[in-house]
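Trainee: Sequence:
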Amino acid sequence: PPATMVKKKVLGDGDVTSTKHIGNKIKRQEVYNRVKKQKNAIKKAKREQRKKDMKDPEKKDLPKNVPKTLDNMREEDETILVSEDEEVRRDEEEDEFRKYFDGETPKTIITTNNHPSKPLIQLVKSLLDLIPGSFYYSRRNYDIKEICQYAGERGFTNLIILGQGLQLGGHKKLPCSMLLVHLPEGPTLNFRMTSVKLADQIRNHARVTKHKPELILNNFTTRLGMRVSRAVSCLFPQDPEFTGRRVVTFHCQRDYLFVRHHRYIFPEDKNGEKARLQEIGPRFTLKLKSLQTGAFDSTRGEYEWIHNNANDMQKRKFYL
1409 PPATMVKKKV LGDGDVTSTK HIGNKIKRQE VYNRVKKQKN AIKKAKREQR
1459 KKDMKDPEKK DLPKNVPKTL DNMREEDETI LVSEDEEVRR DEEEDEFRKY
1509 FDGETPKTII TTNNHPSKPL IQLVKSLLDL IPGSFYYSRR NYDIKEICQY
1559 AGERGFTNLI ILGQGLQLGG HKKLPCSMLL VHLPEGPTLN FRMTSVKLAD
1609 QIRNHARVTK HKPELILNNF TTRLGMRVSR AVSCLFPQDP EFTGRRVVTF
1659 HCQRDYLFVR HHRYIFPEDK NGEKARLQEI GPRFTLKLKS LQTGAFDSTR
1709 GEYEWIHNNA NDMQKRKFYL
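Okay, so the sequence shown: first residue is 1409 according to our numbering, each after it adds one.
Because the hints were derived from the structure by calculation, they are not lab data.
Keep in mind that this is a model prediction, so the values were computed, not measured.
Treat the hints with care, since some could be wrong.
[As the list claims (entries may be wrong)] Dumping the calculated EDC-like pairs for lysine to aspartate or glutamate here, alpha-carbon to alpha-carbon at most 20 Å:
1. K1723 x E1495
2. K1476 x D1663
3. K1725 x E1710
4. K1723 x D1485
5. K1725 x D1464
6. K1695 x D1720
7. K1454 x E1438
8. K1725 x D1479
9. K1507 x E1495
10. K1697 x D1720
11. K1507 x D1663
12. K1533 x E1687
13. K1515 x D1608
14. K1682 x E1622
15. K1454 x E1466
16. K1507 x D1608
17. K1618 x E1649
18. K1618 x E1554
19. K1618 x E1687
20. K1515 x E1622
21. K1725 x E1483
22. K1620 x D1510
23. K1618 x D1647
24. K1697 x E1687
25. K1605 x D1537
26. K1723 x E1484
27. K1620 x D1647
28. K1515 x E1554
29. K1515 x D1663
30. K1533 x E1466
31. K1605 x E1687
32. K1620 x E1512
33. K1581 x E1554
34. K1620 x D1537
35. K1507 x E1622
36. K1695 x E1466
37. K1526 x D1608
38. K1723 x D1663
39. K1526 x D1537
Using the sequences and the hints given, assemble the complete structure.
Mentor: Here it is, written out as structure tokens:
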């Protein structure tokens, strides 16, 4: 039979993938270096051109190249809040948290799972300093429903239950979850907790005082995010003491809640335009796993929102 003719691939100067078809190692490296040099030269020319355009008054107002990120490529959602939404305002006036924004003082009970480890007890001590009006009670093998009933009868408005577990590749039981129950009507929020750092682990940390902190809630843009922000804000009194210069921040980004605790000061040389921050601690990150209507009920409770694996498949859609 006649021999089949094999066409050789023609190598282009700008084709980087074409180098893998070159059999000779030395020749392949030469072609790769030449293509790489050409690409670097093109990038350098673009950078220089952008610098010239910035200095040119005619091209100064041209739109700048903004890098693409998951935040600015976020998919539009019908639950994203708009300014001065009348429906949202009515919901806030009728929800479970309305009385705390009218001046009622919150009172929080903090407990753990059974047999807490040393890192979990240290986190409890840090939360007692972070949240005014909070008290620690040992678990003593009580069910969560019994604790909710006990706390509600004694005037507590919030219940925090910290959980622990083994981290990947570790042997110590570290904090890994936080259950927040708003008493007595709910709702119940279940968070996954990661990246916990106590005050002793933060370099040059400040000392905590007894002043009521200010609260910053940042980047909660959806109806669900507004529910979460109001739930965590009810842990703190709504009449901060500005003389203490304490501020607690809940920053939401890509459905993660970054919790930070700082003290600020306005330097005299900045004329009050900029502030210096000193972290107090603790710091940790929360990820919402579920939001349940009413107080905790593992059998007959109704859920407003539950995180599942399908939520992680859509990288550009966020729920808070």
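Trainee: Against each hint, give a clear statement of whether it holds in the structure.
Mentor: Hint check:
Restraint check for K1723 and E1495: the C-alpha separation of about 29 Å exceeds 20 Å, so the hint is violated. Restraint check: the Cα-Cα separation between K1476 and D1663 comes to about 18 Å, which is no more than 20 Å; the hinted pair holds. Between the alpha carbons of K1725 and E1710 the distance comes to roughly 24 Å, so the proposed pair goes past 20 Å and is violated. In summary, the hint linking K1723 to D1485 is supported, as the alpha carbons are separated by about 14 Å, within the 20 Å threshold.
Annotation: proposed proximity of K1725 to D1464 is violated, straight-line Cα distance about 39 Å (limit 20 Å). Note on K1695 and D1720: the hinted pairing holds, with a Cα-Cα distance of about 12 Å set against a maximum of 20 Å. Under the criterion of a C-alpha separation no larger than 20 Å, the hint pairing K1454 with E1438 is inconsistent with the structure, at around 25 Å. Among the hinted pairs, K1725 with D1479 is consistent with the structure: their alpha-carbon atoms are about 9 Å apart, no more than 20 Å.
Distance check on the hinted pair: K1507 and E1495 sit about 19 Å apart at the alpha-carbon level, within 20 Å; holds. As the CA atoms of K1697 and D1720 are separated by approximately 12 Å, the hinted pair is consistent with the 20 Å bound. For the given pair, K1507 sits about 27 Å from D1663 by alpha-carbon distance, which is inconsistent with the 20 Å threshold. For the given pair, K1533 sits about 17 Å from E1687 by alpha-carbon distance, which is consistent with the 20 Å threshold.
For the hint linking K1515 to D1608, the alpha-carbon distance of about 26 Å lies beyond 20 Å, and the restraint is violated. A C-alpha spacing of about 17 Å is found between K1682 and E1622, which places the hinted pair at or below 20 Å, so the restraint holds. Between K1454 and E1466 the CA atoms are separated by roughly 18 Å; this keeps the pair inside 20 Å, and the hint holds. Restraint check for K1507 and D1608: not satisfied, since their Cα atoms lie roughly 36 Å apart, outside the 20 Å limit.
At most 20 Å may separate the alpha-carbon atoms for a hinted pair to count; K1618 and E1649 meet this at roughly 10 Å. Pair hint K1618 plus E1554 does not hold up; C-alpha atoms about 31 Å apart against a cutoff of 20 Å. With a C-alpha separation of about 16 Å, the suggested pair K1618 and E1687 falls inside the 20 Å cut-off, and the hint holds. Between K1515 and E1622 the CA atoms are separated by roughly 17 Å; this keeps the pair inside 20 Å, and the hint holds.
For the suggested pair K1725 and E1483, the alpha carbons sit about 5 Å apart, so the restraint of at most 20 Å is met. For a cut-off of 20 Å, the pair hint linking K1620 to D1510 stands: about 17 Å separates their Cα positions. A hinted pair counts as satisfied when its Cα atoms are at most 20 Å apart, and K1618 with D1647 qualifies at roughly 14 Å. Among the hinted pairs, K1697 with E1687 is inconsistent with the structure: their alpha-carbon atoms are about 28 Å apart, more than 20 Å.
In summary, the hint linking K1605 to D1537 is supported, as the alpha carbons are separated by about 14 Å, within the 20 Å threshold. For the hint linking K1723 to E1484, the alpha-carbon distance of about 13 Å falls within 20 Å, and the restraint holds. This hinted pair checks out: K1620 and D1647 have alpha carbons roughly 7 Å apart, not beyond 20 Å. Taken as a hint, the K1515 and E1554 pair is honoured in the structure, with Cα atoms around 18 Å apart against an allowance of 20 Å.
The straight-line distance between the Cα atoms of K1515 and D1663 is roughly 27 Å, outside the 20 Å bound, and the hint therefore fails. For a cut-off of 20 Å, the pair hint linking K1533 to E1466 is broken: about 59 Å separates their Cα positions. Note on K1605 and E1687: the hinted pairing holds, with a Cα-Cα distance of about 11 Å set against a maximum of 20 Å. Between K1620 and E1512 the alpha-carbon distance is near 14 Å, which keeps this suggested pair within the 20 Å criterion.
The straight-line distance between the Cα atoms of K1581 and E1554 is roughly 25 Å, outside the 20 Å bound, and the hint therefore fails. Distance hint between K1620 and D1537 is fulfilled; the C-alpha atoms sit about 10 Å from each other, no more than 20 Å. About 19 Å separates the Cα atoms of K1507 and E1622, which keeps this hinted pair within 20 Å; it holds. Restraint check for K1695 and E1466: not satisfied, since their Cα atoms lie roughly 47 Å apart, outside the 20 Å limit.
Taking the CA atoms of K1526 and D1608, the gap is about 14 Å. The hint holds against a cut of 20 Å. A hinted pair counts as satisfied when its Cα atoms are at most 20 Å apart, and K1723 with D1663 qualifies at roughly 11 Å. Between K1526 and D1537 the alpha-carbon distance is near 17 Å, which keeps this suggested pair within the 20 Å criterion.
In the structure shown, a violation is registered for the earlier hints numbered 1, 3, 5, 7, 11, 13, 16, 18, 24, 29, 30, 33 and 36, in ascending order.
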